Amino acid sequence: MPRRIPIGALIGLVVTTLFFLVAIFAQWIAPYALGDIAGGVWEPISAKFLFGTDNLGRDLLSRMIYGAQTTILIAVLATLLSFSMGAILGFTAAVVGGWFDMLMSRFVDLLMAIPTLIFSLVVLSVLPSTLVTLILVMGTLDATRVFRLSRAVASDLNVMDFVEAAKLRGEGKWWVIFAEILPNALSPLVSELGLRFIYAVLVLSALSFLGLGVQPPAADWGGMVKENKDGIVFGIPAALIPAAAIAALAISVNLVADWILNRTTDLKGGRGNG
Amino acid sequence: MADVLLDIRNLRIEATTYPPGEQPMTITIVDNVSLTLEKGKVLGLIGESGAGKSTIGLSPMGYGRGGVRITGGEVILNGRDILKQGKNAIRKLRGHEVCYVAQSAAAAFNPAQRLMDQVVESSLKHGLTNRAEAERRAVALFRKLSLPDPENIGERYPHQVSGGQLQRVMTAMALCPEPVLIIFDEPTTALDVTTQIDVLAAIKQAIHATGVAALYITHDLAVVAQVADDIMVLRNGKMVETGTAHQIIKEPKQAYTQALVSVRHIEHEEKQPTPKPILSVKNVTAAYGNGILKVLKNVSVDIHPGQTLAVVGESGSGKSTLARVITGLLQPQQGEITFEGRKLSNRLGGRTKEDLRQLQMIYQMADVAMNPRHTVGTIIGRPLTFYFGLKGAERDRRVKELLEEIEMGKGFIDRYPAELSGGQKQRVCIARALAAKPKLIICDEVTSALDPLVANGILKLLLNLQQIEQVAYLFITHDLATVRSIADSIAVMYRGEVVRYGAKSQVLTPPFDDYTDLLLSSVPELELGWLEKATAGRKMASAGN
Amino acid sequence: MVPKLIAQRIALGILLLVAVSVLIFAGTNLLPGDVAQAILGKTATPLALENLRREMGLNDPAYVRYFHWLFGILQGDLGTALTTKLDIAASIRERLWNTLFLAFWAAIVAVPLAVILGLVAVHHHNRPVDKLISGLALASTSVPEFFIGYLLVYFFAVKFQIFPGISTVYDGMPFLDRMKAIALPCTALTLGILAHMMRMTRAAILNVMQSAYIETAELKGLTAFEVIRKHALPNALAPIINVVILNLAYLVVGVVVVEVIFVYPGMGQYLVDHVAMRDVPVVQAVGLIFAAVYIFLNVVADVASILANPRLRHPR
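Chains as they are written, first to last, in the numbering used here: chain A, 6 to 279; chain B, 33 to 577; chain C, 689 to 1004.
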């Protein structure tokens, strides 16, 4: 069935793709190198510096482009980690049940009793802020949410008659998970993938903004807000540009995720006799 | 025509649906329907799902559910066309002149308010009387509807009252403002059969005592025959036939009406039990929730090869639990199950693939019994691959054979369940069970969710297949008419126990035990005056309440 | 039945808090980072490391240190900050009050606004107004706090110069001055939780409005206002209260970033500063307080929905 993509989702899709392309080809696109001090401090927007310069006189556009790479890379890896961990454990908990489910669910309740940002701060007070630490911490904490969702979706599906029919046939756990449950859980999960990615971008930016995420001289959007925030009181909007980029990326992905979630409703077949 | 209360002329109702990601679509739900209802009379609206009967029923209240709106015709109540009335005039009419009784009283009552507050609400709202008088009238109605403890039942909250009682309270709520017209929308459909008869009798008595006119909407011809003076048959939003109850039941003119009237008559000759049953359930006791909630108590039944055992009972009788125990989904606390003389493991995991193959299952809700992401070919083909290792062209050939067997074309092989009708879905489920070449199929309420004519087709197909494949059925149902059509032997279950068990002829012949008597006498028969006869001579009070 | 359920829920909350304290303690102690090394840096001499370890009690087994810490907290002793050698409880007192002051006013503004917007959206369900409100809500849940924060500073503090961009507050500050100081952080926080709260309120009311008993009420001839007041609101109240309290818990997170943006002397700023300095005792104490507030609000939300459920209040 061909479906029309609503205009909002289309914009979201285009902008998201654009951001990802910029991130991937950062090295080729950026007019200046990452650490090049190319002009004066906080130079205004000009033909030479499309977004102006930052607090050290580096080209803001180039730093934005490299920042996109760092931010998106970390967020993607954290999301992949949280997603694979959360979804696999969540599905297994729902299908296997028993003590495994009990143990996992209680542990997740515990992790979720502390706000993610606070817990990240606690952990980062003893661990060095390296790329790997950031990905591991964010991925693990975020996996709790994926776990809850996948477990809920899989539990709902697991009691459906068609899954019971497969079990009565004698099918193994892997067939039940991959052939019966997964195809029906895909659309809420893909939508969740988008939301988790946004969340990862926002948490990473918040951490970097607080000075606890990506460390200089590497550039990431949250860190760039921190570097340039002192300019705001002098009326220099340099800090607003990376902040706006984060917002634009998050909104675009959100639009796409929202569309994916709303698009598929044919799972619930009616009771009628057509 | 002085005493005409309601006159609907050329009614046309449309609805707009918003399929996600597609253009909105406008569909016609009711087309060119006309009816008249005289004061104090009851008109039955009957039809299968999608006939538009509820939509027509709500039109005298100027109300449309969802995106439904009246786009043509006139609805004249007491001489006024209510479609030409303003919002305020329609609001004054609702709950005053016209009242509504919904199918599910449990959902139709506000859970946060006492029953009495809700029953007198419309009388007070429309300034018909003061509170004390309204409550007095409500209690009188509770008594008239034979509710227990009529003085105090109004103090309760909806969840503190049983389903059958709630339905009667809802009727009292509709009668309280002394309307001229009540719309009953499937008021007994959600109830168990032994509860239904009491509610039906109470409703009928209340209608007669108050002299109110009524539109009675149902899909069950036998039910409507008990309460209606006239009957209108609807199909796909169009009128098929209108007449007195007697005419429709005894001398239906249209082919569709004739089919509806004769739907229950399938002749089936009872087979004699064989010496060796194929499956025996011996002294099975089972419970949910760590053994606290006992749902099966010492149940023993036999199923013979190529024959049908029907297990009959109401909700909570344990009949579906019996199926779960037999399939191994629920482990019994005591007792054993033997298949062809050898003991079956109590656990699903302890059974061999061969055991599982021999014992297949068909479900009530065909649309959730099939994976919506698999094609018909995969659904039917998977057991072929799983049990017999069939692949590719060979598997497709066999799937197509099975599709022919269930009287569907082989073109259905690439379809998804969402593209099938309810009856077709159930047929595919039957084919999936047959694909395993089982000796026994458990059929759990397989026709309950289907309209009568479609259900009839499924029953005929099942009987046909039994002759060809010599497969045995364990047929679980609450519907005695179905039992008569298909069973060779019957087990009647009540609160977890088998209260009567034997060959069909024997079980359905007096003398009866109290419960079987109640059950048999509660099943509405397509016969005028049946209700009075049935309620007159019963040994046991309603089981549900 | 209800008192028992509430008692259970509270007991569970306390249990969770204890478990969280273990987790926070473990998170700061058992992870492969050496605290002493982290504080002194890579160039520290072994002797200096050893001295610091002894001073911090790092040579005791973990469980001994945990119970020591826990009993201290139960007696109101949060320990001493490593970096400043100040008593943590004393340093926190005023900051905690400042944070609660800010969160309180943000809630006072956000809660009624969110509920009203939610009601407006439901009233215009699936029409342009609803779509506009929902769209804005979707957008604002994706926007980082510092974007809103610095936009506010840029316009209201720098361009128009209405409010201060840095929220300095001090003891004995006149109330109106204090309110003026927190105006921008309060707005930023409000905008941060408003969208979430409004979306969930809208969903809660819509859910109730689609119930069969709402149709019953309409078919009794009640006006739209009567339907909402007598039938929808009593049933929607519980989920709305739940939504509101859960969203107040989001404030706990939002406050950290907002305090840093506006250099507001609260708990969040205090926590962030000490994380950067790797001052573990402070991080543990403040982390536990944040978690306690979060868990407390969640328990309150649960208790509120138990109290509002007619099935539980009037058992069979």
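Note that these hints are calculated values from the structure, not bench results. Predicted model, so just to flag it, every value in this text is computed and none were measured. Certain hints may be false.
[What the hints assert, rightly or not] Computed cross-link-like contacts, DSSO-like style, restricted to lysine-lysine with a CA-CA straight-line distance of at most 27 Å:
(1) Lys73(B) x Lys423(B)
(2) Lys119(B) x Lys178(A)
(3) Lys692(C) x Lys124(B)
(4) Lys285(B) x Lys303(B)
(5) Lys423(B) x Lys471(B)
(6) Lys270(B) x Lys178(A)
(7) Lys471(B) x Lys442(B)
(8) Lys71(B) x Lys178(A)
(9) Lys178(A) x Lys469(B)
(10) Lys308(B) x Lys71(B)
(11) Lys119(B) x Lys773(C)
(12) Lys178(A) x Lys565(B)
(13) Lys236(B) x Lys176(B)
(14) Lys329(B) x Lys308(B)
A quick look at each hint next to the structure:
| no. | hint | result |
| --- | --- | --- |
| 1 | Lys73(B) x Lys423(B) | violated, 64 Å |
| 2 | Lys119(B) x Lys178(A) | violated, 58 Å |
| 3 | Lys692(C) x Lys124(B) | violated, 46 Å |
| 4 | Lys285(B) x Lys303(B) | violated, 36 Å |
| 5 | Lys423(B) x Lys471(B) | holds, 23 Å |
| 6 | Lys270(B) x Lys178(A) | violated, 50 Å |
| 7 | Lys471(B) x Lys442(B) | holds, 25 Å |
| 8 | Lys71(B) x Lys178(A) | violated, 64 Å |
| 9 | Lys178(A) x Lys469(B) | holds, 24 Å |
| 10 | Lys308(B) x Lys71(B) | violated, 63 Å |
| 11 | Lys119(B) x Lys773(C) | violated, 74 Å |
| 12 | Lys178(A) x Lys565(B) | violated, 56 Å |
| 13 | Lys236(B) x Lys176(B) | holds, 11 Å |
| 14 | Lys329(B) x Lys308(B) | holds, 24 Å |
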